[in-house]
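Please arrange chain B on chain A, whose structure you already have, making use of the hints.
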Amino acid sequence: AQSVSQHNHHVILSEAASLELGCNYSYGGTVNLFWYVQYPGQHLQLLLKYFSGDPLVKGIKGFEAEFIKSKFSFNLRKPSVQWSDTAEYFCAASGYSTLTFGKGTMLLVSP
Amino acid sequence: DTEVTQTPKHLVMGMTNKKSLKCEQHMGHRAMYWYKQKAKKPPELMFVYSYEKLSINESVPSRFSPECPNSSLLNLHLHALQPEDSALYLCASSPRGSSEQFFGPGTRLTVL
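For the record, the sequence lines run as chains A and B.
With my numbering, letter number 108 in the first sequence gets 108, and the count goes up by one each step, no holes.
With my numbering, letter number 23 in the second sequence gets 23, and the count goes up by one each step, no holes.
Next comes chain A alone, as it looks inside the complex (with noise of 0.2 Å):
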């Protein structure tokens, strides 16, 4: 069965601190990896996206995400954080057609 899990849930920060957000999934044949975003009362976005070619993948906003095969990981990755990326953070899979969300992470970033 295809699955996707987040490792924290709820995640706090200052500002200007790094971050790493964790992500796993279980996927069988070729897997697409997304992390969507979404602040608070607003809809969802997408930070960033892997397909194929270099493991590293640069999103919005700073975001990056490295995709290592070897560990099924897509762990979401920025140098120094602001208080307006508090928000919810959503890791999703995809086969070919539906997507598997993970849980969800909080973030919250204290200024």
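The set of hints was computed from the structure by calculation and includes no laboratory data.
Please note: incorrect hints may appear among the correct ones.
Under the rule of at most 27 Å between Cα atoms (straight-line distance), these lysine-lysine pairs were calculated in the BS3-like manner [as the list claims (entries may be wrong)]:
| hint | chain 1 | residue 1 | chain 2 | residue 2 |
| --- | --- | --- | --- | --- |
| 1 | B | Lys18 | B | Lys36 |
| 2 | A | Lys103 | B | Lys40 |
| 3 | A | Lys103 | A | Lys69 |
| 4 | A | Lys103 | B | Lys18 |
| 5 | B | Lys9 | A | Lys103 |
If the Cβ cut is set under 8 Å, some of the chain A residues that face chain B in the computed set are [to be verified]:
| hint | residue |
| --- | --- |
| 6 | Phe67 |
| 7 | Gln82 |
| 8 | Thr86 |
| 9 | Glu88 |
| 10 | Ser94 |
| 11 | Ser97 |
| 12 | Phe101 |
| 13 | Lys103 |
Using N, Cα and C, we set each Cβ at its ideal position, and we do this for glycine too.
Frame of chain A, contents of chain B only:
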């Protein structure tokens, strides 16, 4: 046009009402999706339409009835809902041959 639009933004309805949610995209995408999202939870897939035909129904109760009148439009008809159906309803679409989904802003539904 590179977005998915949803109307209304907010909807309050009683348990005996009939209402509809609307989703529209003009990106030529041939797959469209309905999701339900509860607070602080990931979206849960409800229905998938591929080329205007229902391809996936994730065992959704019959009080939710999807409709795809054409390749750009997706409706979700609501009837006799329960308070626990209150949630954010998200629509998404994806291009042919791609698993990337583009999400709309959602309709926040409250059932009284």
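How the hints compare with the structure:
no., hint, in the structure
1, B/Lys18 to B/Lys36, "18 Å, holds"
2, A/Lys103 to B/Lys40, "9 Å, holds"
3, A/Lys103 to A/Lys69, "21 Å, holds"
4, A/Lys103 to B/Lys18, "32 Å, violated"
5, B/Lys9 to A/Lys103, "25 Å, holds"
6, Phe67, "15 Å, violated"
7, Gln82, "22 Å, violated"
8, Thr86, "13 Å, violated"
9, Glu88, "7 Å, holds"
10, Ser94, "4 Å, holds"
11, Ser97, "6 Å, holds"
12, Phe101, "4 Å, holds"
13, Lys103, "6 Å, holds"
Hints 4, 6, 7 and 8, counting from the list given before, are not met by this structure.
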